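Going down the list, the sequences are from chains A and B. Per numbering that gives the first Met the number 0, the very first residue in the first sequence carries number 0; after that it's consecutive. Per numbering that gives the first Met the number 0, the very first residue in the second sequence carries number 0; after that it's consecutive.
Take these hints with a grain of salt, some might be off.
25 angstroms max Cα-Cα, derived DMTMM-like pairs, lysine to aspartate or glutamate [claimed, not checked]:
id, chain 1, residue 1, chain 2, residue 2
1, B, 10, A, 58
2, A, 74, A, 58
3, B, 284, A, 58
4, B, 10, A, 277
5, B, 149, B, 58
6, A, 9, B, 193
Calculated from the structure, these hints are not laboratory results. Values in this document were obtained by computation on a predicted structure and should not be read as measured data.
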Amino acid sequence: MSGMVERTGKSVWLIHIGLMLGIAVVCFPIYLAFIASTVTQQDLVRPPMPLLPGDHFVENYTRALFSGVNAPVWKMLVNSMIMALGIAIGKIIISLMSAFAIVYFKFPFKGVFFWLIFMTLMLPVEVRIVPTYEVIAGFGMLNSYSGLILPLVASATATFLFRQFYMTIPDELAEAARVDGAKPMRFFFDILLPMSRTNIAALFVILFIYGWNQYLWPLLMTTDPEMNTIVMGIKQMFPSGDDLADWPVIMATALLAMLPPVLVVVFMQNLFIKGLVDTEK
Amino acid sequence: MDKRVTFKGWKLPVLLILPQALVTAIFFFWPAGQAIYQSAFIPDPFGLKSQFVGLGNFEYILSDPYYLASFKTTAVFSLLVTAVSMGVALWLALMADRIIKGSGTYRTFLIWPYAVAPAVAGVLWLFMFNPSVGIVSFYLDTIGYDWNHKLNGGEAMWLVVLASSWGRISYNFLFFLAGLQAVPRSVIEAAAIDGAHFWRRFWTIVFPLLSPTTFFLLVVNIVYAFFETFGVIHTITSGGPQQSTTILVYKVFSDGFVGQDLGSSAAQSVILLFLVGILTVIQFKFIEKRVHY
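Sequences and hints are given; from them, build the entire structure.
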């Protein structure tokens, strides 16, 4: 069948080689980071660095996790986990509710609410950092989890997505529920939520990665090293001035920082791709 | 766009929408309003009172050579990031589309850099190109090229472009591959029977059919380069040397937080706000078209 379009022996091999070359180039920075996290500082300061793993893996990771540079990395991992889960779960819950209200009810000023929420689609947090920082500082929420989470929950992507999904659900279901005398919240919990399962899971994957990888906001918000998230904490591990950075520990931290979101992408690949396509529509 | 069937009552829906409305009002509209308000004032050095200057802050930044230079830097940076990441991704997707067995495995290996935060990507690339320990700078040195992105603005720009494009290849690859797989096989095979070679088929059939995907990715990647690459710039160059990698978002940060020039920073935020608005409108317009297509 497909042999028609040049899928004969030699060219197929060329393509495989090309793809492997591409993968090698894409994966090379991470391979180097892994090697650097298994050797000593002395191995690195005299370039070229070794290209095979050394035997200091346990030592470097233990040092990173339990002492780190400014704060132990396990602490930063916990902070990142709380922030990522808080953003993902918070956004999903408030969006499920507001989309339900928008699609299944008529109420005064509905149009106003609708537009107020959807205008937030336009403005990433990076654009309004200074005033948002002032608002958070005014509430005394610097160096707190709620300060890390709440401003990033204020965006309408998830609401938009659930609204689109609810619109595709046949009217007959709501009609039947109404005829049976079911209360709106019964309909929401018994019918709408179970039907939204895949959408919720796909969105969770995307939002978890989004939350975990935040940089600028935690950088402004957390002046206390104990509250640093791991992604922003790495930069803080570099010494100021010309002192030599502790590369093995920094690289171990970099790998720990990418591990959770990478595992999510690899093991929930189909949900991840669905989420990616959904959120961009 | 309402459902035909709706539930009665107004208290419940207002209660349901309240959490999002509150969060949006407090953490979105209030700060955004503050940005617009502050852009019309210059605070005195002690922060005790501000002086109203109308559009003065805008006049000031739009005649500030550093700000105009930052515009140019942003344009160069985002064009390079978009071109590099989309070019490499299209090339990989074209290959992956042509094999049948094992394309799933290749996909897994190519998509996971998406999950690596821009700031972490920055640290990885900084390590490779570090003038004293980096392996790439070492080998560049052995062939007689002295790499130092801490002194050379052009090299600094290339380094942040490469680090920013790297994780983005995954994203573009996924969308290009999906776009390619949607091209009907029959059309391609008909062209093949007519004797059209791969590149001819690509330019006359595949690429035109791929243009909605390409345009969509163009907009999304420009938005990415504008706003989400802050982490890369901050970890690798901190905007230097001599502001050669200070993109607009980085300047809002450095003027507002490092330089404490709140009026100017707020005015810059407002200008960025307009830029995002324009990009969003383009994106929405296009998506409507894509639905029709």
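Cross-check of the supplied hints:
1. For a cut-off of 25 angstroms, the pair hint linking residue 10(B) to residue 58(A) is broken: about 59 angstroms separates their Cα positions.
2. Of the supplied pair hints, the one linking residue 74(A) and residue 58(A) holds, its CA atoms being roughly 18 angstroms apart against a limit of 25 angstroms.
3. Taking the CA atoms of residue 284(B) and residue 58(A), the gap is about 55 angstroms. The hint is violated against a cut of 25 angstroms.
4. A threshold of 25 angstroms between alpha carbons decides the hint, and for residue 10(B) with residue 277(A) the separation of about 31 angstroms lies outside it, so the pair is violated.
5. At roughly 32 angstroms between alpha-carbon atoms, residue 149(B) and residue 58(B) are farther apart than 25 angstroms, so this suggested pair is violated.
6. Annotation: proposed proximity of residue 9(A) to residue 193(B) holds, straight-line Cα distance about 22 angstroms (limit 25 angstroms).
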